[in-house]
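**Q** Starting from the structure of chain C, add chain A where the hints point.
Protein chains: 2
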Amino acid sequence: YISGGMREKTLTMDTLNPQVKAVEYAVRGPIVTKAGDIERGLQQGQKHPFTEVIKANIGDSHAMGQKPITFLRQVVALCSFPELLNSPSFPEDAKQRARRILQGCGGQSLGVYSIASQGVDCIRQDVAVYIEQRDKGVPADWDNIYLTTGASDGIVSILKMLVSGQGRSRSGVMIPIPQYPLYSAAISELEAVQINYYLDEDNCWALDINELHRAYQAAKEHCHPRVICIINPGNPTGQVQSRKCIEDVLHFAYEENLFVMSDEVYQDNVYSPDLQFHSFKKVLYEMGPEYFNTVELASFHSTSKGYSGECGFRGGYMEVLNLDLEVKAQLVKLLSVRLCPPVSGQAAMDVIVNPPLPHEPSYLQFHKEKSAVLGALAEKAQVTEQTLNTVPGIKCNPVQGAMYAFPRIFIPPRAVEEAKSLGMSPDMMYCLRLLEETGICLVPGSGFGQREGTYHFRMTILPTTEKLKVLLEKLRDFHIKFLKEYASLEEPKR
Amino acid sequence: YISGGMREKTLTMDTLNPQVKAVEYAVRGPIVTKAGDIERGLQQGQKHPFTEVIKANIGDSHAMGQKPITFLRQVVALCSFPELLNSPSFPEDAKQRARRILQGCGGQSLGVYSIASQGVDCIRQDVAVYIEQRDKGVPADWDNIYLTTGASDGIVSILKMLVSGQGRSRSGVMIPIPQYPLYSAAISELEAVQINYYLDEDNCWALDINELHRAYQAAKEHCHPRVICIINPGNPTGQVQSRKCIEDVLHFAYEENLFVMSDEVYQDNVYSPDLQFHSFKKVLYEMGPEYFNTVELASFHSTSKGYSGECGFRGGYMEVLNLDLEVKAQLVKLLSVRLCPPVSGQAAMDVIVNPPLPHEPSYLQFHKEKSAVLGALAEKAQVTEQTLNTVPGIKCNPVQGAMYAFPRIFIPPRAVEEAKSLGMSPDMMYCLRLLEETGICLVPGSGFGQREGTYHFRMTILPTTEKLKVLLEKLRDFHIKFLKEYASLEEPKR
Numbered sequence: 001y002i003s004g005g006m007r008e009k010t011l012t013m014d015t016l017n018p019q020v021k022a023v024e025y026a027v028r029g030p031i032v033t034k035a036g037d038i039e040r041g042l043q044q045g046q047k048h049p050f051t052e053v054i055k056a057n058i059g060d061s062h063a064m065g066q067k068p069i070t071f072l073r074q075v076v077a078l079c080s081f082p083e084l085l086n087s088p089s090f091p092e093d094a095k096q097r098a099r100r101i102l103q104g105c106g107g108q109s110l111g112v113y114s115i116a117s118q119g120v121d122c123i124r125q126d127v128a129v130y131i132e133q134r135d136k137g138v139p140a141d142w143d144n145i146y147l148t149t150g151a152s153d154g155i156v157s158i159l160k161m162l163v164s165g166q167g168r169s170r171s172g173v174m175i176p177i178p179q180y181p182l183y184s185a186a187i188s189e190l191e192a193v194q195i196n197y198y199l200d201e202d203n204c205w206a207l208d209i210n211e212l213h214r215a216y217q218a219a220k221e222h223c224h225p226r227v228i229c230i231i232n233p234g235n236p237t238g239q240v241q242s243r244k245c246i247e248d249v250l251h252f253a254y255e256e257n258l259f260v261m262s263d264e265v266y267q268d269n270v271y272s273p274d275l276q277f278h279s280f281k282k283v284l285y286e287m288g289p290e291y292f293n294t295v296e297l298a299s300f301h302s303t304s305k306g307y308s309g310e311c312g313f314r315g316g317y318m319e320v321l322n323l324d325l326e327v328k329a330q331l332v333k334l335l336s337v338r339l340c341p342p343v344s345g346q347a348a349m350d351v352i353v354n355p356p357l358p359h360e361p362s363y364l365q366f367h368k369e370k371s372a373v374l375g376a377l378a379e380k381a382q383v384t385e386q387t388l389n390t391v392p393g394i395k396c397n398p399v400q401g402a403m404y405a406f407p408r409i410f411i412p413p414r415a416v417e418e419a420k421s422l423g424m425s426p427d428m429m430y431c432l433r434l435l436e437e438t439g440i441c442l443v444p445g446s447g448f449g450q451r452e453g454t455y456h457f458r459m460t461i462l463p464t465t466e467k468l469k470v471l472l473e474k475l476r477d478f479h480i481k482f483l484k485e486y487a488s489l490e491e492p493k494r
Numbered sequence: 001y002i003s004g005g006m007r008e009k010t011l012t013m014d015t016l017n018p019q020v021k022a023v024e025y026a027v028r029g030p031i032v033t034k035a036g037d038i039e040r041g042l043q044q045g046q047k048h049p050f051t052e053v054i055k056a057n058i059g060d061s062h063a064m065g066q067k068p069i070t071f072l073r074q075v076v077a078l079c080s081f082p083e084l085l086n087s088p089s090f091p092e093d094a095k096q097r098a099r100r101i102l103q104g105c106g107g108q109s110l111g112v113y114s115i116a117s118q119g120v121d122c123i124r125q126d127v128a129v130y131i132e133q134r135d136k137g138v139p140a141d142w143d144n145i146y147l148t149t150g151a152s153d154g155i156v157s158i159l160k161m162l163v164s165g166q167g168r169s170r171s172g173v174m175i176p177i178p179q180y181p182l183y184s185a186a187i188s189e190l191e192a193v194q195i196n197y198y199l200d201e202d203n204c205w206a207l208d209i210n211e212l213h214r215a216y217q218a219a220k221e222h223c224h225p226r227v228i229c230i231i232n233p234g235n236p237t238g239q240v241q242s243r244k245c246i247e248d249v250l251h252f253a254y255e256e257n258l259f260v261m262s263d264e265v266y267q268d269n270v271y272s273p274d275l276q277f278h279s280f281k282k283v284l285y286e287m288g289p290e291y292f293n294t295v296e297l298a299s300f301h302s303t304s305k306g307y308s309g310e311c312g313f314r315g316g317y318m319e320v321l322n323l324d325l326e327v328k329a330q331l332v333k334l335l336s337v338r339l340c341p342p343v344s345g346q347a348a349m350d351v352i353v354n355p356p357l358p359h360e361p362s363y364l365q366f367h368k369e370k371s372a373v374l375g376a377l378a379e380k381a382q383v384t385e386q387t388l389n390t391v392p393g394i395k396c397n398p399v400q401g402a403m404y405a406f407p408r409i410f411i412p413p414r415a416v417e418e419a420k421s422l423g424m425s426p427d428m429m430y431c432l433r434l435l436e437e438t439g440i441c442l443v444p445g446s447g448f449g450q451r452e453g454t455y456h457f458r459m460t461i462l463p464t465t466e467k468l469k470v471l472l473e474k475l476r477d478f479h480i481k482f483l484k485e486y487a488s489l490e491e492p493k494r
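Chains C and A, in that order, are what the protein sequence lines are.
The opening position of the first sequence corresponds to residue 1 in the UniProt record's numbering, with each subsequent residue numbered one higher.
The opening position of the second sequence corresponds to residue 1 in the UniProt record's numbering, with each subsequent residue numbered one higher.
If we strip away everything but chain C, and leave its shape as in the complex, we get (with noise of 0.2 Å):
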């Protein structure tokens, strides 16, 4: 009890889990909050050098401005307010999707928790199909299919159920770096360890298997490496990977006994035309039944990215291969408890996976809008890519897919040493910095991870083209003047 009678805190920083305090997520961070503090200013009328901010933290599409597809939100709409379904202004494959989807939730009443917690059963099986004709005849079975809140739920939940062991014997997870920072948070979250493998800079960000080995053997001194995560197309890196890169991984994963997470939430989103998506799963398949019996893999898929950007639905699913019998009762236990992912974010997803065909009514409408986004944010990563080339001291991978570009920045050593004096990292010291000088908001490298000394932001391309282009001359005159600033701050000292 402290002083003057008053009842001491249960809950403070130093009784806080302390695996809480060890999670960290740069996307939603400090720079995040500052920026919506200075929204909020504008809009009081506050002075800043600037008349908005630019948001380009986060891959929430709509919050830029991109439309959402008309089929998917009639579909919910309809699912939603089922009278609707007797409107004629509604098309009627849209109603034939939403009368599909009512049929599998009890009561047919999207307020139901799904009959199964992992999901509607007619919508795991419109995923199967999905997933047997991206990847070419593949077999898919509807039972390994479970729906998720987004994708990071699915993450968690196999991540959870993978950690175990204690000192040198405790899981260990490897993921890339630069890595997606739902990965180091679940991590931290479950103490599990995390691994580090590098991708290459020097190579368009590709997944280098020797990395992995290194990484591998270096882990295998101080914890059981038993996952290896793998984001593709990248995030933040934007990178595509190759069949052959794949192949290898897999490979891998088969000889150390790795259970593989390939996380393609960003299948549909590849821009460069020379370059294509390959799952996982196909690729595990076509190296034949030894493996594609036996490795154990779980991808992940979302109704958040791609040409929808449905975040607020939480739509998402995951398919699961090779999981043992016992510990597939398991999972299905664990996410009982939660009972079931939102049934909206189901029919979302139900969408996506089972879009209008050719011979629909809204087939053409669908296609031009889809084909209208995936239009512009390949231009856009176009853009990003060559303009941010032309900057001094920025250097720029293609972006191949995703939504992001992750340049490499130069920060003179006078602005690094200022940084570690003010006990923050250079990178978020330069965000900071543009934010308050011109509205830009980034995420610092430091959140993703990066090579010791070397430094970078994330930016995703979602701005409108016009925005993208204002924000990116912003970011091109910032950064010459930041480098004056420090190159010529330093020449008193020569």
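Honestly, the hints are just simulated from the structure, not real lab data.
One should not assume that every hint holds.
Copies of one chain are not kept apart here, so a pair can be met inside one copy or by any two copies together.
As the list claims (entries may be wrong) - Result set (SDA-like, lysine to any residue): computed pairs, CA atoms no more than 20 Å apart in a straight line:
| hint | residue 1 | residue 2 |
| --- | --- | --- |
| 1 | Lys481 | Arg433 |
| 2 | Lys95 | Tyr363 |
| 3 | Lys9 | Val332 |
| 4 | Lys481 | Arg408 |
| 5 | Lys9 | Glu326 |
**A** What follows is chain A alone, placed relative to chain C:
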């Protein structure tokens, strides 16, 4: 590597996270899986001594035929497909709600991550206004409101923050017995120490303050009790806590420096005309500033129960009082890793806290629908209690609130022995046989916890009145037959 050169599985029952293995969740446990199997069997023409499975295992109103509240669904449909804002067939008050919600979303789309990980600002503001009105003017600050993915998500987040320490200083969590098994499941997963306090079955499942003291003192020997969880109205026990008793609990929590978690998801489900719901927060306020400004309290609500029964949207909120400011930032960080709760669920939550007002066009219909649901539930609560109490060997407390009866059942010693020889709890055997012989699906009391040597089941009062009567009749016949069977089996022994 196992024989035949086949790759060994990475994830087996031996290597599975032991905390996941320890989780139990009876509400969707083996008996429910079996009910699903039987249901599919019936559809495929298999013969059973009944023609349908009646699922009274889970609080899933729409699955049992309850119709959605029209106004709520109109708002969600308008938010999902804003073109409908131009449709004359939607009432103006629904449109006004939808416009307001969309205004609160970036890009005016339900498809965004809400700007704050805690949820859309204006919805949190509406929640605060709702709480102030419910609690007759007790101030509520929307900065303390966090929207959640159903109540479960909020409960687990708060528990996660509170678990720390090792051995004798490990966090202990006080939960009622019987309890809703989300609590025990989360405690297992977090490796916290479960501290049972037993509700007083002989006194309508009241919380007995002496029992709290007993449980606390006993637990202090081997852990650090830090949290007390209360479910009011009770799940699975259906009691409504008295104001006096709430005050006692809060006084106890104050004295012993406990964090209070009050699960109030059934706050609209009170059936006994002489009882009313008191929120923990209101009582805390009335105890004076020494309490109101110090006791750390998190209370939980949800879209899933009440009169709307919208489980599938996974909407909910929590209000957290007196949280340390730094800890609050940690909570926001933790929530931000999952980005945000489903925005359609947030919209549904908004309607529940901001329903049509008497002067608005939707008021009459809304009021009629709400009263019809709550009236029917009150009637079914009474029918259930009364009918069960006519059965020899069954004793049921009044269903004062929530959605469940939790009657005590007499199981003959011979049946208890038989169950034990089968390695199952006697009430599990009872419920399994009930399911196989009648098609009625209930959850054994052992899934919620009960005093040693007593047996119960939980049944929902959600089937339609007609179906509920059939259920109760079949249950009576089964119980009488069950008693006879095990009585006569004992006779030869004598």
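**Q** Go through the numbered hints given earlier and state which of them the structure violates, listing their numbers in rising order.
**A** none
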